[in-house]
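For the protein sequence lines, the chains are A and B, in the order given. The end of the first sequence is residue 310 by our numbering, with every number in the run present. The end of the second sequence is residue 1027 by our numbering, with every number in the run present.
Where hints are given, some of them may not hold.
Example chain B residues on the side facing chain A (calculated, C-beta under 10 Å, incomplete) [stated by the list, open to error]:
| hint | residue |
| --- | --- |
| 1 | PHE749 |
| 2 | GLU862 |
| 3 | PHE867 |
| 4 | VAL984 |
The hints are simulated quantities; they were obtained by calculation from the structure and are not laboratory data. All figures in this text were calculated on a predicted structure; none of them were measured in a lab. Note that CB positions come from ideal geometry on N, CA and C, so glycine has one too.
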Amino acid sequence: MAASDAAVLRPARVRPRRWRLTAGDVGLFVFAVILGLFTVMSVWPGLIASHDPILQNLMDRHRPPGYPDGAGATYPLGTDHLGRDVLSRLVYGARATLTIGYGGLMLGAGAGVLIGLLAGYHGGQVDRVVVGVIDTYLSFPYILIAIVWASLVGTTLLTLVLIVAVRGWVDFARVVRAQVRSIREREFVTAARGLGAGDLQILARHVLPNTVGPILVIAGFQLGRLVLLEATLSFLGLGIQPPTPAWGTMLADARLYMRQAWWTAVFPSAAISLTVLSTNFLGDSLRDRLDPTLQRRI
Amino acid sequence: MLSFVYRRLAQSLVTVFAVSVIVFIFMNLAGDPAILLLPPEARPADVQRLRESLGLNRPAYVRYVSFMTHFWYGDQVKSFKYNDRLLPLILNHLQWTLVLAVSALAISLAIGIPLGTLAARRRARAIDVAVRVIAVLGESVPAFVTAILLMFVFAVQYRVLPVAGLGVRNAVLPVATLVCLQMAILMRLFRSELLEVFSQDYIRTARSKGLREGAVLTRHAFRNAAIPVLTMAGLLLNYLVLGAVVVEPIFAWPGLGWLMVQSVSARDYPVVVGAATIAAVLVAVINLAVDVLQVWIDPRVRTV
């Protein structure tokens, strides 16, 4: 082979694009930190909370943020209508809200991925039934079912996680199914089958790893929706029951005292909105980074 | 076309049936309403009499069938609390939900579509960024937070609008809350669809043959961008029902959502079940109408 041939065959040098810090990167960092902070709060509430979240102190009702309590400390975010420290309630409320959010997400993701894998890989009658159920689900406002379920069956932690999970599985199943349907036609699946791999092995070793990206993206979006569902239920009095604090309940209480104590309404509102905003943003960034081909509107 | 409508109609019926059965099952898991309704000191004979008068002593499937038939004919099943017939009671409240929903949708369309168009035309400019920020906020801030915020500013702090109740001025805040929610979705969807359409060949052709930009928009872009938005009507509908359930109780607007939440706290199960079923019927009917409308607008769908 002549030297000139080698020169021709050498691929053109692709200059790697310089990495530049974009507004999206900064936003991703900020929102990831916020979500991380809330998660830490919910796991170790004692780190931030300075008071007992359910301890009432009727002498100190509706104290504004920064008001000194009797014991030498302050109420950083004020107190509510029963004299309970708003910050501590917010921190412990994160526990209720995020436990249900994450629990429902994991349960829903597990079930959804499993159903999606089976329907997409199997095809046929199973697939048709699953698609029918998913379509029905997406065309029907789940909040109606959630309200009836929570109000009639109960509002224990387990029930709430279940209610949230039953909303959560659909999007996972839909996206995983669509992915699997295209993956199972790919050459590496045929190759694996040719080499004698069974269905289970193909699903676990070859199909599932290729759906991880979309699953993460959906999880990002879904966490926000599930937190929103929990907050809505607890706002309607159908969440974790008092005295355990939850963001929605705090807001529902604060509604009655808006004029006297704006801080009781503003901080839970901000907490809920920030959580949902963060997960939406996280989902968006994950989608841009992991899977640019995924449809923009999910 | 006709077979498509029939198939969708059957699907809608299955949905409504499934919802009513699920709701009925929950109702039975909840326990015995007769015990819940009577004071604790009631004698067993009284409980038994109430159970019989409510028809609770029969097997579940009989109760389901009788509940549903009586429900639809509206003669015997009554609200525990209002001692009223179900269907008239529910329909009576439904009208107020529809008032809210229709005005909110009209306003959202009137604001969201022009803003979405503007954002798509001036992509990555200030107006586009503003529209996208509003869209993200509108979708992330829960309806009840928006509602409380609006109420605080306009009804509590400045007292320009009534806090709650039924009336034209009272409708402003709940409608505004619903608009915040829907407009955000509409704007974002219409913007991304228009951007998609703008990159199509037929738009370039239309522009290169000298068509004015306004004509390109109205004749070519809008119609093609409207189809996917129509597809997402189901999503909008979900937000509408969510809005009704959350917003109506906050503003004491006596719609279906208010009735449902009230009945939940009063343990008035027949009304909860009835309201959920009527809502399911309504959603199914609107979905069906949207599908048919879509086939009519976009002939490509028919082959699916």
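Just pull the numbers of the violated hints for me, sorted ascending.
Of the numbered hints given earlier, the structure breaks none, since each of them holds.
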